[in-house]
Amino acid sequence: MLEIRDLHVEVDGKPILKGIDLTIRAGEVHAVMGPNGSGKSTLSHVLAGREGYTVTRGSVTFEGKDLLEMAPEIRAREGIFLAFQYPVEIPGVNNTYFLKAAVNAGRKHRGLEELDAMDFMQLVREKMKVVKMKDDLLKRSVNEGFSGGEKKRNEIFQMAMLEPKLAILDETDSGLDIDALKIVADGVNSLRSPERSMLVVTHYQRLLEYIVPDQVHVLAGGRIVKSGDRTLALELERHGYGWIEQQGVTAA
Amino acid sequence: MSARAGAATAVPGGAQAAVEHYLGEHTRSAGSLPGAGTAWLRELREQGIERFADLGFPSTREERWRYTSVAPIAAQRLRVALPAPVPAPEALAPFLFPGLDAHRLVFVNGRYAAELSAPGSLPDGVHLDSLAQVLAAAPERARPALSGLALRTGFDALHQAFLADGVWLELAAGVALARPVHLVHLGVGAAEPALANLRTVISLGARAEARVIESFGSLGSGAGLTTAVTTVVLAEGAALEHFKLQEEAATVDHVARVEVRQGRDSRYTSHSVSLGGGITRNDITSTLEGEGAECTLNGLYMAAGRQHVDFHTTIDHAEPRGTSRELYKGILGGRARGVFNGRILVQPGAQKTDSQQSSQNLLLSREAEVDTKPELEIYADDVKCSHGATVGQLDADMLFYLRSRGIDHGTAQGFLTRGFAQDVIDRMSIDAVRERLERLVVTHVPGPESAQVSP
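The listed protein sequences derive, respectively, from chains R and H.
In terms of this note's numbering, the numbers along the first sequence are unbroken and rise by one, the last being 393.
In terms of this note's numbering, the numbers along the second sequence are unbroken and rise by one, the last being 1675.
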């Protein structure tokens, strides 16, 4: 589904990613872990198409298509979803109105008929259960005045509505207490399917207790220095990132 | 046009030619304007043309016109609009507010069009009519209201020189008009640029309440100038919510003045929305003449291309315990230019005045420009006055967030622009007006890509 080959990315002329190779097949959940400044968020943003990142080398293909050539909205319509670490508050833009435009943009792209107001609201009600969203959040402006937990739930709710092929969860656990984390993780797990892949980016192993990955990659200094199964996350937890940096040096 | 414009202001001969042109128009039209047989009205028009001969058009050397050059208007030789054939009722539809149940008066090129109007039945104590009808039936009644206008600029003078028709709305004490009044002013393009004048006189007795919507639109793209003068008098405890939507063609210039006098404990709320026009200038002045009066001025202007839009507002706190709230938002794209000048005057003795002003602007292109200026003059010591002004661009994080959900750049820009305008729209009390404005704001998003959203 996703193939990242030798990806090099700079921000303001400073190299951040220095040769990433990563393959995610349909239905797989991959976790990328790493210390602060390792390039985790850069990877998420580059995949979603945010401006301000310069790809200096390498390629990213998504279902055989050149992802880096696509505008952010086309990537989304093709099936990429980024759950933001810091969901943006957008005053004056109604949550439901925004979501309907997003859902229908995706449907149109896939040659499906756009949903009318009634079908759309039915879908909303069904998907709200995924993350136990409160009704009144729909009537408010996008993320405006939402608590940290509500914002993250809203991200997963949007993911449920947009039904992406590849979901990238960028530090979705940050700022959540254990109850909120469980709700969000349950939501994500209910969206796991053989057709849907996930890339879970996180600093802490905690999230991976709830969203169990097929593979874990450790990112340090802009490179994937170690890959393994879920036990790698536990090892990291035990030894800390200092351990992996030593390993990285040894391996090089 | 600009070459001729320069000539009109810089060379005395050019200004003289303009004066001669309008003197000629005055002679030509004097006999055919409503109330031509009424001596005081004839004199009023003569005063107007004489005053115009003295003043000419304002120049950018005058402080209040510093940012707004009217040279393109001065260069035109406008013909006084003669009664035009009334368009078919379908032509009116785009300017109505779907679902709005209102007393409707329609004017075409500044003249009342009974065929398109639907004043409906009016409760006792409400007098709603065209000004021409009042001038025909009971001219003396209109005399004090029409005679009192201070002619400060050449536009005021021209307006008075060619005063023809407009609206008369009078509410007796204690009357609340449940349905709003919708005044629709349509300009129909002619071969020559036309001057259309509209005068609206609103007078509310003690505790009377009304809502008035003024719409300005164009049929076709004929050039011209609309001058509109609205005077409002609110007696003790009266309340007026006053809407204005200016959506004329870019070939039409628009110079308007609203003068409000507020009695004790009266409430005046203005929502002025400017989307159309080439050069648009609005002067809105409210004088709080009685204790405890409340004045709220909300405004929204959107301009693109080479549009120029200028709001000059004045809130004059003359008596104690007055409250004023002002929120103006501007959205400018292309090479458009916006001007907001908000003057707050607190007279000596107007203690306990509470005044807030905010001017916020969104620039959607590098070439767009806005000049925003608060002007606070405070001569009392026990007052609360605050003001703030911002000029910014669309937030890149918000734009990316929307696009990352599959919404294209133009639509995302439309969403954010509408979001920016939303709180001005939210302050309006009429659902049908809010709903149409929400749609209009999206279709008017200026900039390289205009947004198309189907809600």
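Mixed in with the good hints, there may be bad ones.
[What the hints assert, rightly or not] Ranges between beta-carbon positions, derived for each pair:
| id | chain 1 | residue 1 | chain 2 | residue 2 | range |
| --- | --- | --- | --- | --- | --- |
| 1 | H | R1372 | R | D277 | 35 to 43 Å |
| 2 | H | D1591 | R | V353 | 30 to 38 Å |
| 3 | H | R1654 | R | R198 | 46 to 54 Å |
| 4 | R | G252 | H | G1612 | 32 to 40 Å |
| 5 | R | E210 | H | G1340 | 33 to 41 Å |
| 6 | R | G193 | H | S1279 | 29 to 37 Å |
| 7 | H | R1372 | R | A212 | 48 to 56 Å |
| 8 | R | D277 | H | E1595 | 38 to 46 Å |
| 9 | R | A212 | H | E1587 | 54 to 62 Å |
| 10 | R | E254 | H | A1313 | 26 to 34 Å |
| 11 | R | E254 | H | D1646 | 48 to 56 Å |
| 12 | H | P1314 | R | E210 | 37 to 45 Å |
| 13 | H | K1572 | R | T195 | 58 to 66 Å |
What the hints contain is simulated information worked out from the structure, not anything from laboratory work.
Remember, it's a predicted structure, so these values are computed and weren't measured experimentally.
Every residue, glycine too, gets a C-beta built ideally from N, C-alpha and C.
Hint by hint, here is what the structure shows:
Look at R1372 (chain H) against D277 (chain R): about 51 Å separates their beta carbons, and that is not inside 35 to 43 Å. For D1591 (chain H) and V353 (chain R), the Cβ-Cβ distance of about 60 Å falls outside the hinted range of 30 to 38 Å, so the restraint is violated. The given range of 46 to 54 Å is respected by R1654 (chain H) and R198 (chain R), whose C-beta atoms sit roughly 52 Å from each other. For G252 (chain R) paired with G1612 (chain H), a C-beta distance near 39 Å keeps the hint of 32 to 40 Å intact.
Taking 33 to 41 Å as the suggested C-beta distance range, the pair E210 (chain R) and G1340 (chain H) does not conform, at roughly 60 Å. For G193 (chain R) and S1279 (chain H), the hinted distance range of 29 to 37 Å is not satisfied, since their beta carbons lie about 47 Å from each other. R1372 (chain H) and A212 (chain R) have their C-beta atoms about 52 Å apart, which keeps the hinted 48 to 56 Å range intact. Under the hint 38 to 46 Å, the C-beta atoms of D277 (chain R) and E1595 (chain H), about 42 Å apart, fit the expected range.
Distance hint check for A212 (chain R) and E1587 (chain H): the Cβ-Cβ separation is about 25 Å, which falls outside the suggested range of 54 to 62 Å. Here the CB-CB span from E254 (chain R) to A1313 (chain H) is close to 29 Å, well matched to the stated 26 to 34 Å. Distance hint for E254 (chain R) and D1646 (chain H): a CB-CB separation of about 33 Å, inconsistent with the stated range 48 to 56 Å. Evaluation of the 37 to 45 Å hint for P1314 (chain H) and E210 (chain R) yields a pass: the beta carbon distance comes to about 41 Å.
One distance hint, 58 to 66 Å for the beta-carbon pair K1572 (chain H) and T195 (chain R), holds here, with the actual separation near 59 Å.
Of the numbered hints listed earlier, those contradicted by the structure are 1, 2, 5, 6, 9 and 11.
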